[in-house]
Amino acid sequence: MKILEDAILQKGRILDNDIIKVDTIINHQVDVPLMVEIAKEIKKEFPCVDKVLTIVTSGLPYAFALAEQYGVNMVFAKKEKSKTVDLSSCYIEEIPSFTHGNVNQVTVDKKFLSKGEKILIADDFLASGAASLGLINICKQAGAEVVGVTALVEKSFQGGRKKIEELGIKVVSGACIKAFENNVPVFE
1 MKILEDAILQ
11 KGRILDNDII
21 KVDTIINHQV
31 DVPLMVEIAK
41 EIKKEFPCVD
51 KVLTIVTSGL
61 PYAFALAEQY
71 GVNMVFAKKE
81 KSKTVDLSSC
91 YIEEIPSFTH
101 GNVNQVTVDK
111 KFLSKGEKIL
121 IADDFLASGA
131 ASLGLINICK
141 QAGAEVVGVT
151 ALVEKSFQGG
161 RKKIEELGIK
171 VVSGACIKAF
181 ENNVPVFE
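Heads up, the sequence shown is in my numbering, so the first residue is 1 and it goes up one at a time.
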């Protein structure tokens, strides 16, 4: 989507030639009107959704905008262990984090995903696909149907889309970066 690509070019920064920092529009400060515009476009791609699922934290604003467009609830997988969470009542998946270089135990309470629900998975970034694949596995544990995966920014050179599409799941990104050249993203 041109509006997101333009925002990335104007406000994004490349770090170490494989990480793009977009903290002025997505990960720290959120450009709410931009999220809403992208959510409106994504809704055209996935017309029937019962819930939007994401992982804490940077995917929350985007997932919220999507859920608002659909008029459905948003569910977020938690990374932090809490005294209020009974792991025996949760779907659990181990998900590696590219950005943080660790593995998170991600949980979703079983009461928030149900068999047969149509789930749209949303995140801020799609790179290797680990986060989305982990959420897909959580949906499988619940017997829910993943109708698609959407990310604000995709780094297609890291192969995540291919892994998800091999499962027969549609992927739609707001902006798809195929490479970085001279510290500038090149969009598909």
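Because the hints were derived from the structure by calculation, they are not lab data. Predicted, not measured: the structure shown is a model, and the values here were computed from it. All C-beta atoms in this analysis are idealised placements derived from N, C-alpha and C, irrespective of residue type, glycine included. Check the hints yourself; a few may be wrong.
Unchecked claim - Subject to a maximum C-alpha distance of 20 Å in a straight line, what follows is the list of computed PhoX-like cross-link-like pairs (lysine-lysine):
1) 111 / 81
2) 40 / 2
3) 78 / 43
4) 81 / 44
5) 140 / 111
6) 40 / 111
7) 111 / 78
8) 178 / 162
9) 81 / 118
10) 21 / 11
11) 79 / 140
12) 44 / 21
13) 43 / 83
14) 170 / 111
15) 40 / 170
16) 170 / 44
17) 178 / 2
18) 79 / 40
19) 78 / 163
20) 178 / 163
21) 21 / 170
22) 140 / 178
23) 81 / 43
24) 43 / 79
What the hints assert, rightly or not - So the derived label-pair ranges between C-beta atoms look like this:
25) 101 / 143: 14 to 24 Å
26) 3 / 89: 17 to 27 Å
27) 11 / 89: 20 to 30 Å
28) 29 / 116: 17 to 27 Å
29) 165 / 143: 36 to 46 Å
Sort out which numbered hints this structure fails and list those numbers smallest first.
-> 3, 4, 6, 9, 12, 13, 14, 18, 19, 21, 22, 23, 24, 25, 26, 27, 28, 29
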